[in-house]
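Participant: Here are the chains, one letter per residue:
There are 2 protein chains.
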Amino acid sequence: MLSCMHEHDGPLTRLRRSHEQAVLELLRKHGPLSRAELGARSGLSRTTLHDIVAGLVGNGSVVAGTPHVEVRKRGRPVEKLSLNPAAGEAVGIDFARRAVHVAAVNFAHEVIGSASEAHAADLSWPERIDIAGRLLATLATGSSVGSADGGPRGAAGALHLDALSAIGVGVVGPITEPGSENAHAQGIDGLPDLLRKQFGVPVLLDNNTRLAALAEAVWGAAADSSDVLYLRLSHGVGGGLVVGGALHRGRNGLSGEFGHITVDPAGRPCDCGGTGCLETRASLDAVLYRYREAGGRADDLAGLLDAAAAGESAALGVLERVGNDVGGVLAAVCHAVGPGVIVVGGELAEAGPTLLEPIERALRQQLMPMARQHVDVRHATLGEAGSALGGIALVLHESPLLSHYPRPVPEENA
Amino acid sequence: MLSCMHEHDGPLTRLRRSHEQAVLELLRKHGPLSRAELGARSGLSRTTLHDIVAGLVGNGSVVAGTPHVEVRKRGRPVEKLSLNPAAGEAVGIDFARRAVHVAAVNFAHEVIGSASEAHAADLSWPERIDIAGRLLATLATGSSVGSADGGPRGAAGALHLDALSAIGVGVVGPITEPGSENAHAQGIDGLPDLLRKQFGVPVLLDNNTRLAALAEAVWGAAADSSDVLYLRLSHGVGGGLVVGGALHRGRNGLSGEFGHITVDPAGRPCDCGGTGCLETRASLDAVLYRYREAGGRADDLAGLLDAAAAGESAALGVLERVGNDVGGVLAAVCHAVGPGVIVVGGELAEAGPTLLEPIERALRQQLMPMARQHVDVRHATLGEAGSALGGIALVLHESPLLSHYPRPVPEENA
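Heads up: the protein sequence lines correspond to chains A and B, in order.
In terms of this note's numbering, the first sequence opens at residue 1 and continues consecutively.
In terms of this note's numbering, the second sequence opens at residue 415 and continues consecutively.
In case anyone wonders, no lab produced these hints; they're calculated from the structure.
Fair warning: there could be bad hints in the mix.
If the Cβ cut is set under 8 Å, some of the chain B residues that face chain A in the computed set are [what the hints assert, rightly or not]:
#1 Ser538
#2 Ala712
#3 Leu715
#4 Gly742
#5 Met782
Built from N, CA and C at the ideal position, the CB exists for glycine as well.
Please model the complete structure; the sequences and the hints are all you need to start from.
Facilitator: Written as structure tokens, this is what we have:
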């Protein structure tokens, strides 16, 4: 187990880990390699490499064998090293308001499985962490307990958790020092410590809406783009930005707060303390309020969506006006950050084209003409598993644990 | 000269360069080191290290000597390697509308000097490049030709250009693939090739307003922050974002277009083809127009600023309203990206507090309360040298040539 080293995480440990990651990256890229090939490609000294490989074999992330019949001059078979397909590299957990979602990938970065469990809104943190542990155990034993709400399932067999390098965790609300081992969820003191005790590996924490943004950019609707604006239209309105493939956080973790961009300085007061924010026009409550003001009769989202699907003019008119507000805010953000793809998620996005088309229309109208062709509006695809998958992406793509290693460059003549 | 290798830039060359950068970084950090110390700290094999050091000594970026009297057991003095203080590592050039600005740093990342020359607006590209070459030659010979308009001057002696690793170049207008060797300035075909021929090293191109943003974050008003929003209020309104210390570009290089965020959907047509953009309210022409509409009598910026300084109510009222428009747009961008510092530059910013205070007031009013304490509005400090310095920052911080090397981590016991 690496866990003890992780907890006393000094520069030497980090350097060692960066070498480990370089070796894993080479094996991921090239498949099985001999020690000599690894040495040539990594540029590491023999002593360093021997040490690093021994550690990786010891913790189960790499296996040694002679998969190909190759012989050296003197006839001794050359041992090849390869990734262990059953070793879990990273796990993601999403602590949503009323459910826990988990997902895991192996060292080849294949999703091994995901699982979900709903719970009461007031459940304590130790109880939620127990649920996460239980769900992960089901992945580890390979039992096919999946979520009731879609998302990827167990695929590549049982998970072997001993070589886990880190866990990426999403929670509701603002995070200080997001994405780092020093992250803290506001109002949830000690959560990283609880998680670290339970799982024995470093824990990287971030806002779960932002993690959903990252997941849509890595595994979901925007998997073909590395510059993504994700907007979630739900009980609140928020989102996240992925910039050059990395999650954007901003100073003090306050970014992606699209719901608090002013739409009407003379508008209604917002929960944030401001006035006329987009959230006062486009949250689920605000949309239902506008719908009833327009003479609509349904009390809940399902009713509104049914009415829109049936072509009711009050419902369509409200979605048109909401889309106009949302599109205007998205245009402002696009001018600032220039995303290639905009992904719209959250319950309200289930309205589909009756909402997305007005959004896109207002967006293009307010974008400078030369930018209009460059942006693409899409419906989110990952559903509830999104944030847990985002936790994994956080570990694999952004972990400060992994960010310092020499990314091996493919050699021309090798 | 590295130039031939740079032009045929394959993966092996990149790997080699990443090792070179690792060695330079260690010497920058620790001062003179022996080959043995470099080996231990870099993790590179003896053969690789020998090869890399020979190249660096050969191109003049590293010098060998025995600066400290240290003897080994057998009495032979230990040769130490150190950075050559006269070797230019990176050069920045800003091709502004009517002037060329250059700046250079050595391998210790000290600014060696800067210089500027004004020219007619219609000067050809070969002529502008000649000016840049001449200005750099004045730095290289150590003659103290400086700019007439401020900015840092020659400091650390004459520049030795043979070891130059790259040139960062700013130009007006949109750039495709900004910051890379494949960058192209729209409407200026072949500029990178012309520059590469003239200087024999890789050329990284970006928009000069964005480079000014980067420079303010690295050397200027926001040198203490790595998340910076830079706004330039000039003949046009534009800017740039620095995110986690790196320049943000967005998909297709369209980012930082704060001037084209809609302020009034029913407003005046903008040069971009849109309607009611911030630029129609806050460009120099727009501000003078608003001033004359309000009964002001000056025809130019200097007159407006004088009137404001004298407390004329028409001038102050216009700056207040402009500040209100600008602050509202900045608030929207802040919610999206969460910068720690906002830097306002460009000629209009010379109005000082009569403009910056209204900007800050409107900004805070439209920010969600929890974000209000986290943002700081400052006047730009680098003046006209900003974009050339930004070109250097581009080379040092963001060059794809330099981004793959293993950043050495300080060892605990060494």
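Participant: Hint by hint, say whether it matches the structure.
Facilitator: Structure-based check of all given hints:
no., hint, result
1, Ser538, "26 Å, violated"
2, Ala712, "30 Å, violated"
3, Leu715, "25 Å, violated"
4, Gly742, "7 Å, holds"
5, Met782, "4 Å, holds"
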